[in-house]
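Novice: Those sequence lines, one after another, are chains A and B.
For the first sequence, the positions run 1 to 462 when this note's numbering is used.
For the second sequence, the positions run 463 to 937 when this note's numbering is used.
The hints are simulated quantities; they were obtained by calculation from the structure and are not laboratory data.
One or more of the hints may lead you astray.
[To be verified] Derived pair list, reagent style BS3-like, types lysine-lysine, alpha-carbon separation capped at 27 Å: (1) Lys86(A) with Lys144(A); (2) Lys422(A) with Lys560(B); (3) Lys422(A) with Lys616(B); (4) Lys353(A) with Lys809(B); (5) Lys616(B) with Lys809(B); (6) Lys927(B) with Lys819(B); (7) Lys657(B) with Lys390(A); (8) Lys560(B) with Lys353(A).
As the structure is a prediction and not an experimental result, all values here were calculated from the model.
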Amino acid sequence: MNAIIVSALLGVVMMFSGIFFKNKSIIKHIAAGCLLLLLGANLLQHYEIFIIKIDTHNLLRFEKMGIFFNTITIVATLIYVLLSGKDIENTGVHVAEYFALLFFILCGVSILTSFNGLLMLFLGIEIMSIPLYILTGTDKRNLKSNEAALKYFLMGSFSTGIMLMGITLIYGGSGNFQIGQAVVSSAAGTVPNASFLEVAGLLLLFSAMCFKVSAAPFHFWTPDVYDGAPSVFTSFMATIVKVTGFYAFIRLFENQNELLGPTWKIILSFVIIATLLVGNITAVFQQSVKRMLAYSSIAQAGFMLFGLYTSNDLSKEGLLLYSAAYCLATIGIFAVLIKMKDYTLDGFNGLAKTQPVLAFTATVCLMSLAGIPLTAGFFAKYYMLASVVKAGGSLWIVIVAVLFAAVSVYYYFRVIQAMYFKEGEAETTEITQSFKVGLVFVAILIVLIGALPSVLLNYFYF
Amino acid sequence: MIPLLLILIPLLSGLAVFFLKDATTSKALALGSSVITLALSLMAVSSKGVLHYDASWLPGLGGRFTLMQDGMGKMLGLLTAISFPVVFAATFKNTYQKPAAFYGLMLLTQAGLLGVFLAADALLFYFFWELALIPVYFLCSIWGGEKRIAVTFKFFIYTFIGSLLMLVGILFVYAHTADHSFALQSFYNVQLTGKQQAYVFALFFIAFAIKMPIFPLHTWQPDAYEQAPTATTMILSGVMVKMGLFAVIRWVLPMVPGAVKGHALFVIILSVIGMVYASLIAIKQDDIKRLIAYSSIAHIGLMCAAIFTQNQIGLEGVMIQMFNHGINVIGLWIVADVIEQQLGTRKFSELGGLAQKAPTLAILLVVMALANVALPLTNAFVGEFLLFNGLFQYNIWIAAVAGISIILSAVYTLNMIQKIFYGNTVEKTNNAVEIDFNVQVVLSVLVVMVLVMGVYPQPMIDLTKDTVNAIFAHR
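Isolated chain B (complex conformation) (with noise of 0.2 Å):
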């Protein structure tokens, strides 16, 4: 029963806040929402084993609307649940045209997304997948920046032709399964020949690789995130790049096992490619928001790459990490979004001397700096390791090239951090204040995360341990 819980409160909630009329109601009914949810993901990661949940839908087609949350289902049940209500608490003062448009679009995407990680019947996870897609086209299209329109379309356009051409591969695999069903265990069980293999790959690869996104297929992405109201950037890239991943893991890697041992090298080396070039790309950016798209799409490749080496210690890795960076964008984009209320501009060139006048600010972005740069104490540190261990064992080679790019995520972030708030206040600084009282206690919280799970990673590992297990049991 959690699992349908999951979406349908933010689906109705939704609704229902597309009718009210004032602001802060909107606001109010969204984190109320939001927080509900939360104490549901809560629940459903304090109780064992998988939930399910199964009622019938199409039946003439072999669809049916099953959910299931295992470890990876509650893990990434739980990020999405966290995401929504820091996002509403930090953005709380922020201002919207049509508020109550803004807050039901979000809480749509939160039942999209949850509906994503949930879904165990192929048709049902392309419903949702795309119904994750709709409202966060609107909402940056809506509440953009001053090129939002143009920017969001292809986004929008990406994605979607990934997205038929997944819709290819599922008709597909359905015609070939045994007993006619697009139900994840028969979707396991089908028997391809490896040139079936290779095509249904390459269909839901493309899919999921424009979504995470994979170099060369990342071009949408800076732009898409410079251009969204920040508080759907936090979403598209706290949670929304994670389908992507998650996808992998769910459907390809049990489904065509021998295609993904074929292709393995391939899809390495071009996240590696795509690590190093968004690394050096990001050191060049002027503008914050850019800076972290691109050292999103760095790590992000380092966790795809990781996917693909098929070993049990990257696959760990990937799972802590998918949680981790999770927490890590949101906060830096909290910070960014302060910043940009606050003094009405993201370029390093017009910051300068921030740490003087908001302290407080500056400690907790410290932290989530250096915990992007994955230092160790910090929560990225156990998951980059069990990555980089991961790569380690499937090629020394690659592995080095891939290290590469820890050092120049030190150089961007360090920079980042020099330039806005160290040095003398300069124009625009002059008169900046400390940060509001619940932007504090939101990073506050996710400072602690950030800690606490760099310490003490084993519960997360446990967690999604029985997902690892199935996995490789199923080879």
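Next up, chain A with everything else stripped away, as it sits in the complex (with noise of 0.2 Å):
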């Protein structure tokens, strides 16, 4: 409750400080602050301490999981405004309001964190996608933003109106907003008889977020708009709105494998095959780092869905591990990346002599995105496989996907490849000496929760 009144109220903060201060860096210092305000709110619900006691009709459930899920985004979004916010003052000239309308993505998240029924999933989503295509479009000049700015939008509507269709279907079958109380209402022992249009809409539904978590089939809009979008927003959309998404997804389908049937299994391995399949093999062919960025993150997602597809204690463990691995490689890969001047992969060749810390963290990042022990994606990468192992049975399914991995290898290391063995003047931009500083330390916590994940997960479970 806490994080959601406070980042709605800060959001407003952020809009009004456009008018009292010119100065942009002042912004974004208080941008941080505000950040770290959202923060210590958040941190007090952990303590059962609010700040103002509302009643929600039960339309929202706090947990644990989701409280620590919101500190996740928040310390992530920290990060990444310390690392990148020198680069969202460069996008265009309101910077205010780029900053405020991260916040009220934050609100979004931390509505999807603890929805307790389709109404309030439904809001969560919107209020995350909305400031979204904004921020897509913000580099107004440029025909390739406004492009994917145009398509998401569109894409996004579509896919909300499938979504409504859905929760619609659902209650029209159900009498009510919760999805799986056909499960509870049926007597213990007796197969749930879900109506067809139950179903129905639980298939729309599914087929509308596997599109704002970009998995396969649904995955077009996912590189075009990455691509086009400017690549520090980019970074925001492909880590924290992705992982909330998983969240939410996550949160939605849980408990209902009964209501769904064996059949559910046979859908959720295709699409995670599919988009495992996708991700990487068109990845492999990319000649653009941030295009090929774009796809490793469908294939990301589809390493994600394994939290959906086994639904057990490890895999929840997973999700909040594969979150923070995620986000942090990936907002410390973003970051390198809008300093390059050439975002090819030859932009990349010989980044290790002329800059050889951001080549060095940029590995880091790469090798957490590949999953190589030590670093914290290995242990994402573990635990989801883990989960399904602990499952039982599906073994197959677990080899495909490392062979995926393996694969993701190839276009992981090629950057490293060209920023180490290759001979070439990689230019950047001007690079300070805190950008650094921030850039080592995202590498270091890399590492440590790749070398302890427990200190992360002990957190967890106090």
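Dock chain to chain to rebuild the complex, using the hints, since each chain is given by itself in its own frame.
Specialist: Printed below as a string of structure tokens:
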């Protein structure tokens, strides 16, 4: 509750700060301060201290995991603002508004981590998505950015429509906004009896959520939008927004296995394999690192879908770890990418000579994305795979997944090869000392979580 | 405490070397650190019983930081600890771009290798397995030959696929352990059905077979050995290939005995095919490095076949031969490096008559080469005798076919000596000079080890006896 209220208020504060402060860099610092405030407010809720007590009429349900997830997203946003704040300033003139929109997105995030019913899910998704449509189009003079924004908006509204249709059908079938009510109402021991409307509604809901997390075959918008949007906002979109989508997805469908029946696993494994296939294989052929990262984010989505596939305690911890690992690594690699003058692979040639710190931290991030041990990405993937093995049975899907992980090494390591082994003069924009310090901090965090994931997870269990 | 220090010293000194600027200082620090590791390793060998180290690591997952050094661990720890100072000393005069990074990565490789040989926890083992690979990837890709990037990438992808499959195997076994732990003992005690054993065997063995490498998964190896900087190649073929053999003995044999029995004939036949095949290709090579690479495949194939014969004598042979092969092959690589550094070529067709110019080198190489052929009085004779004995007890026909590779190895090794050292000097060797003092010392030390182990191998057999006995007691 705290996070929802405070983030909405701070969004308004950020909007007004644009009127009072003309100096752009002050706004960045205000944003960082506000994020710390938001973090504090969210942490208060860990200890059951509420800023305002509101009866939500059971529309929202706050759990430890959701609050912990909020913490992850807020910390990730803080790191993102500290690393790439300067680049947000350079995107356009309305700097305060950009930061305000980020806070509104965080408001959507905190609704999505606590929704209890389809109505709040819908609200959360919309609050999260609409600021994103704007952010995608912030580079007004750039045709690609405009195209991306329009595409994202049209496709996004379309999927929202599908989602609403699904919610309507479920409401028509069951008479309320809770899914899985049929399971509860049927007596123990009998087969739950879902009506046709409910099943159709769930399928539509499933498709819409797949769209939001860019799972195949609903992924077609992702490369264009990620490529067209200003890189600094792509970074935010590909990390915090994406993992929140997953959180909501899993929260929505957990404990629904009975209702959905065995067909569910078949559909899901199809989606997982298709996502891994499309993401990994297409990423191999990209020449632009930014576009490669767009496809790689689809591939990573394939791994996160395992959390949906199994829904046990391991996969929940895994999702938290995956979110943290994936956010850190992607924010790090995007922060480096933004500084590059040339986004193609050749543009990275010889970066290790010109900017050794950038090259080293980018290498750590890429290794984490590839899932090499001693980086956070390894344990993220490990938990996801372990949850499937623990659930028993489907060893084949794990083997398919690790083979695709080996494919992913190919395209991630091509960037490392360009930086370290190829000759060239990689050109970057001006790099400040504090930026380097920030990057090294991210790299250390990645290695720390990779060596001792229990540090992060113990905090979850207290 | 010794096992922990064995990993920590190369790890920390490796990280420290990265921050040095000066070439000589980094060389000296690397050499010093590796000598300390060697001293520690000798202490481990001289101590009685199994050394342990245990610390909490991942409480939620059931992974612990457990190290164990039994006879096999001591022997391979000693091999690793000997190899690095030998390699550093023999290549002391080589110059590298960014020397600090080179020596830092070499020491990190040593830490990874020692971790693999000492880990007694499956997850920790997997960590070190990968950590030994990453520095080697950078070493080969930065300082390697002309085609280094593509070749090293092939090597990396090959081994990475293998290790991911092994990870699935580890997860599968972990899910079936009684106490949900990654500890070696829990893995040994796991109860699996025949079908499950077959799955686990396949998942683990592919990873190890790629590393060894076993025919037909060997295609990465000759290219990688040829393109890697020679100091790294020495480590790759002297120590790193032992990871595969070691892992089969440590993890596969006691864990899934049923599946090992079921697949033994299949693996042995593949190994023997690889032996003969690699030997035949070695005869046709015109490059010293490629010749040694193929000869190495043949020797490893014999060891792998002997492991799967599952008799005591074969396994004792594997233990002693892992050590001997490491010593011999490093000696051969040092000679190859000396020739390349001095004359700028590795091709037999451009060499000849070197014995007239560098008699000491010729004498030392001939001893190393004869050890490669497994002539009596050299260390490899003892090992290969035990290996063939084991294979002979398993199946006489397979042993006969494998025996062809001994003859072939004499053909290509003696051919190599003849082409490089005898005949008339040619254009490139006209101005050759005697080898440097440091190389002479290193090669002499290796030659002494070859002869001593050839005459009196009993201490090495006694050292690893406890591992062999434990494996047969467990079955």
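Novice: Hints numbered earlier in the text: which of these fail when held up against the supplied structure?
Specialist: 4, 6
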